[in-house]
Every structure is written in structure tokens, then in C-alpha cells.
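Mapping the sequence shown onto my numbering, position 394 (from 1) lands on 394, and the numbers just tick up by one.
Some clues are possibly wrong.
Stated by the list, open to error - Listed below are the simulated DSS-like cross-link pairs for lysine-lysine, each with C-alpha atoms no more than 27 angstroms apart in a straight line:
| id | residue 1 | residue 2 |
| --- | --- | --- |
| 1 | Lys306 | Lys42 |
| 2 | Lys264 | Lys42 |
| 3 | Lys80 | Lys60 |
| 4 | Lys264 | Lys80 |
Source of the hints: derived by calculation from the structure; they are not laboratory data.
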Amino acid sequence: MKTQEQRQAEAFTRVKSKHVITYAHLAMRDLETTAYASKCGKPLDGRRVYVVGAGPSLAKNIDLLKGVSGPIMCVNASAKPLAEAGIIPDVLVARESLDLSDQIEACPAHTVALDISSHPATWKAAGDRRVAFIPGYPRHMPLCQMLGERPVFGGTAAATSAVALALMWGARSVVLVGFDLSIPPDGQVYHPSAPRGDLTASFSKEAINFEGNVEDDARCHRSGQEPPPKTVGYTKCLALDFSQELYSQPVWNEQREWLETTAKRYVGSVEFVNATHFGAGIVGWRNIPLGELTEGERKEPKAFHKPKGIDPEKAAQVRGVLCQQAAVLETAAREMLSSRGPSMKTLAAIPSLHLGAPFTAPLAAHRIIDAPPGPPLARSRHVYEAFRDVAAAAQELLAGTA
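Could you put the whole structure together from the sequences, leaning on the hints where they help?
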């Protein structure tokens, strides 16, 4: 029987991988005109930074955010609740491969930090507010080396990525608000005004069952992707006041573990505070009510000083290398397919077929994972056809002809 983690990885490969890797290729065409997170210096140096998630407890303390003078970083899901409270965040962070352009356009944040795998419409909507970051996944490491850019090791969520960016930009203190990472007894999953605010949960013996989320499900379909499952396995975690056990789901548990690991890495140099009104306890983060951290009247957010994009000559060089790698992958795959059977030449090439194009080869994963059952030779042809096709497509994406 497959574990929850294995099922989650397979779901990502089938549903998301094609989109996120395609969009990352498209983003490479904007290297010259997009600021990069690691080049922004230390705009938050020495500041206490408030990172706002969209958990249901946000409704209990959102008004208190009007009394903080430190920078506010939100995620796309918490942007609307903040807007309704009259709060303008300094930075909005988004990572979705869904089209979030309407949310970006509606948020007056001065800086919009986007994963390079964000949906093209989201990318475009951010305009000159856009600051890109490269998440620290294995497929991106060679790309970071070529660009000379530091990846952001921010886990898999926009909220944890916001914490990682705050630390990269020099924050001396990070305060979490709306980071429930669990479901309260009433079954409310998010702040009512969040994009998935109508989502509710009930609990069976072995799973969490979700209802609602109609509008966000429609957004998924418009973006060519399947909505999240309505039934997931659950884990349990202690409430932040240790008063009870709460239901959580694996993706939230991963975020909590990331936050705990991060607190250990920066112990003694950064203050970590959990000011969420209710939710999971996070080891290494002090529980302090948000009301005790207010500092006076909220100051008008200021735009970050953002550097220009990559030097045009270097950008063209990186795209050229990526195109060359994709071309080699395509040629190798075609040679495999042209052979009537295994040969010493083709067998020798198999182990390194995709290693020379680590940025492009993962584009084939969603096809390879569902290779049809049958003789090994037929399955091999399916794999090589997938590599051939995506390598050709990648060259068109990078060259701007797709």
C-alpha cells in the first residue's frame, strides 16, 4: 500500500509538474526585466516582520495588525482579508501554478514576490512590482548556478516561502499571524474572505472530508488543473496552548516541520514568534498574543528598492545553454527511437539521457509516470517519445516561438 507521501508525490507529478515546469521555462524569457529576490539586498534588515497566512483564526486578530509598524508580508490567500480591514501589505508572496491574476491586481502591495513557476497570467499581472525567486528544488540547482542566484529554500508553500524571504532580506524577528496549520472544532478551514473561505471540513475515522470551495475549484479548471481532493488522510498535532489535539493534514504538517527546522537553524540570531490566535503549536516559536506586539499606528508601506534583471548578455547565454541541453536531450531520444533494438551505443547513453538537461527533462515526468503496461521495449519507447517531445517543446518555450 502506498503511503500518503507517495500518493501526494504522484498527484503532483500527474497534475502539477507539467504546468510548473512549463511556466518556469516561460519565465526564463523575462530574465532581463525581472528583479530577483537574492539581489534585493537587505530591505528588512533589523526589522520585525509580520507574515500573514489565511487560517481561520486570522478573523480574531486581523484588526490588531493595524497597530503594527513593522513590514507585513502576506500570501495571496490572505490579501483580500487584509484589504477588507484596510491594511496594505508591503509584500505579497504567491507560488501557485493557478491563474491568480485577479488576486494580484486587486492587492495594492508594493512588491509581489513570485515563484518562477507561477502562472503566466499571474506573472504578467504583477508587472513592475514583480520580484522573482527560484525555489530550492533539485531541478533548479543547475539553473541557479548558471544565473549565479541563490535559491529560496522555503518549503512547498507560499506562507513558508514568505518566512524564508523575510530571513533572506534581513529580518531580525518573524511573527506568524493566521498560521493555524490545523482545523478548529467548527470545521472552518480558512478565513471566510480568503479564496477558499467557504471550505469546511468534517472528520471520519480515517480522513478529513472537505465541502465547498466551488469558486476555487472553478479556478483550477480554468487553469487546466484538477482541484484538490475532497478527502485526505489526516495527522494530529498539539494546539499551541497544549490544551487539545487538533486535526491537520500532511501538507500542513510539512509546513509546521519546516518552520520548526528553520527556527533551529537561526536559533540565537532571529526571534521567532507565533502570534496566531489558535492552531497548531510550532516548536521553537514563542507564543505571544498579537496585542502584546502592537507598536502604534500602521505606517504606509514603502516599495522595496528592486535591482534590474539579469544582464542581457548573461540572460541570453543562460537561455542558450538551456536550449542546447534540450537539443541534446531531443537528439539522444531520437537516436533511441530510431534504433530497432538495444545496441551498445544506445545502452551506454541511457543512464545519462536526462542528466544533461535537468531543467527540461522533468517536463516528461507526467507522461512517464503513466507509461502503459507491456513489454519493456514498448515502455522504453514511451519514455523516449516523452523526452523527445518535451525537449522540442522546451526549445520553443525558451526561444519564444511557442
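Taking only the CA atoms, is the gap from lysine 264 to lysine 42 under or equal to 27 angstroms?
Since the Cα atoms of lysine 264 and lysine 42 sit roughly 22 angstroms apart, the hinted pair holds (cutoff 27 angstroms).
Given the hint that lysine 306 pairs with lysine 42, test it: the Cα-Cα distance must not exceed 27 angstroms.
holds, 11 angstroms
Within 27 angstroms, alpha carbon to alpha carbon, are lysine 264 and lysine 80?
Violated, at roughly 32 angstroms.
Need the status of pair lysine 80, lysine 60: alpha-carbon distance at most 27 angstroms?
holds, 15 angstroms
When held up to the earlier numbered hints, the structure conflicts with hint 4 and nothing else.
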